[in-house]
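Participant: Sequence:
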Amino acid sequence: MNQDELKKANTRRIRAAGTARTWDDEKVRQKRLTRHSCTVTCHGVTTEHNSVHAGFKAYGLPTGSHISFRIKAKNDGVATLEHEGKSYVFRTFPKDAGIVPKPEESKPSQELKGRKDAKSGEQTVDEQLAIVYGVMMHAAGTGLFNATKARAIYSHVMASQLKMQLRTFTGKVSRAAAADPEGKLILEHFHRIQHKLTLLVADHIKNGSNVGAFIEAVRRMEQVHIVTFEENYAAHRAKGCYDTAGIELVDWLDLPENVRQTLYRRKLHGAVSNAKQFAV
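Last residue of the sequence shown: 280 (this note's numbering), numbering continuous.
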């Protein structure tokens, strides 16, 4: 080892020893041991995540800067990240506050038994999703349901019941849909929710349940654009790539008022949780 390498090694040892000593401070120790969940709000849509890092990953944010950002969010309770023209507001909560359900809370048989007499109105949407997930994983465990069939318990049975609590409109409309607002239009799940949830369920069947990951995925993927029927099919063939499908999106506020009125009446009112934000 040359002189420079020896100097670097000694520096690392000194820093490590200093960091170790800080754990002797009880306040510092408790602060470091406290784990936080968080919510992320962007364009009026709020999602919940098991950690700041999970929030970064869910939105495709650069994770290289998340450690310093996490410290600020953890200390202040809230921090805003500006990235590519968008603002992401992170709010952190100690995990014992119960903001995001922990994976171990989803135990299919016990969870369902404990809530079978409860009315859906008495439960939060996350609690309802946890029950749905329990049913899905229980069905998969019988061997009679593969990942696709288990996923369908949410997408084909429960999604319509929960849409007014989960489904959010992004404020984006395809140019073709805006040109013909009376045509055949669809609220398009641009995250390919059925395909992605099937992959997630398959992974959980193989590697173990994780209700928190399921809830986080559903909340993120229950976002929709307004597109035409033909564009929806083209997006499906293009595996969700709008460029390949030839879909061009325009912002809600850039549309003429009469077009917004028609789209609100036909596609948003009574169909998405944040419809009132787009009422004309």
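Don't read these hints as lab results, they were simulated from the structure.
Backbone N, C-alpha and C fix where the C-beta goes; we use that ideal spot for every residue, glycine too.
Careful, some of the hints might be misleading.
[To be verified] Calculated pairs, DSS-like style, for lysine-lysine (alpha carbon to alpha carbon, straight line, at most 30 Å): (1) 57 x 239; (2) 149 x 196; (3) 163 x 149; (4) 184 x 206; (5) 86 x 57; (6) 149 x 74; (7) 196 x 163; (8) 86 x 276; (9) 206 x 196; (10) 57 x 172; (11) 57 x 184; (12) 72 x 57; (13) 86 x 172; (14) 184 x 172; (15) 196 x 172; (16) 149 x 206; (17) 184 x 149; (18) 239 x 184; (19) 72 x 86; (20) 239 x 206.
[What the hints assert, rightly or not] Quick list of the computed label-pair ranges, beta carbon to beta carbon: (21) 76 x 157: 40 to 48 Å; (22) 146 x 89: 33 to 41 Å; (23) 243 x 179: 17 to 25 Å.
Participant: For every hint, state whether the structure bears it out.
Facilitator: Hint check results:
1. For the suggested pair residue 57 and residue 239, the alpha carbons sit about 21 Å apart, so the restraint of at most 30 Å is met.
2. At most 30 Å may separate the alpha-carbon atoms for a hinted pair to count; residue 149 and residue 196 meet this at roughly 14 Å.
3. Taking the CA atoms of residue 163 and residue 149, the gap is about 20 Å. The hint holds against a cut of 30 Å.
4. Between residue 184 and residue 206, the direct Cα distance comes to roughly 40 Å. Violation of the 30 Å bound is thereby established for this hinted pair.
5. Restraint check for residue 86 and residue 57: satisfied, since their Cα atoms lie roughly 15 Å apart, inside the 30 Å limit.
6. For a cut-off of 30 Å, the pair hint linking residue 149 to residue 74 is broken: about 40 Å separates their Cα positions.
7. In summary, the hint linking residue 196 to residue 163 is supported, as the alpha carbons are separated by about 18 Å, within the 30 Å threshold.
8. Of the pairs offered as hints, the one joining residue 86 and residue 276 holds, with about 22 Å between alpha carbons and a cut-off of 30 Å not exceeded.
9. At roughly 16 Å between alpha-carbon atoms, residue 206 and residue 196 fall within 30 Å of each other, so this suggested pair holds.
10. Between residue 57 and residue 172, the direct Cα distance comes to roughly 22 Å. Compliance with the 30 Å bound is thereby established for this hinted pair.
11. Proximity of residue 57 to residue 184 is assessed by CA-CA distance (about 35 Å); at most 30 Å being required, the pair is judged violated.
12. Between residue 72 and residue 57, the direct Cα distance comes to roughly 18 Å. Compliance with the 30 Å bound is thereby established for this hinted pair.
13. Between residue 86 and residue 172, the direct Cα distance comes to roughly 15 Å. Compliance with the 30 Å bound is thereby established for this hinted pair.
14. Simply put, residue 184 and residue 172 have alpha-carbon atoms about 17 Å apart, close enough for the 30 Å limit, and the pair holds.
15. The suggested pairing of residue 196 with residue 172 holds, with an alpha-carbon distance near 21 Å, which does not exceed 30 Å.
16. At most 30 Å may separate the alpha-carbon atoms for a hinted pair to count; residue 149 and residue 206 meet this at roughly 15 Å.
17. As the CA atoms of residue 184 and residue 149 are separated by approximately 28 Å, the hinted pair is consistent with the 30 Å bound.
18. The straight-line distance between the Cα atoms of residue 239 and residue 184 is roughly 21 Å, inside the 30 Å bound, and the hint therefore holds.
19. Only pairs whose Cα atoms come within 30 Å are accepted, and residue 72 paired with residue 86 is accepted, the gap being roughly 19 Å.
20. Among the hinted pairs, residue 239 with residue 206 is consistent with the structure: their alpha-carbon atoms are about 24 Å apart, no more than 30 Å.
21. In this structure the hint that residue 76 and residue 157 lie 40 to 48 Å apart at CB holds, the actual value being about 42 Å.
22. Between residue 146 and residue 89, the C-beta spacing of about 39 Å keeps the proposed range 33 to 41 Å intact.
23. With their beta carbons about 19 Å apart, residue 243 and residue 179 fall inside the hinted range of 17 to 25 Å.
Checked against the numbered hints above, the structure breaks hints 4, 6 and 11 and satisfies the rest.
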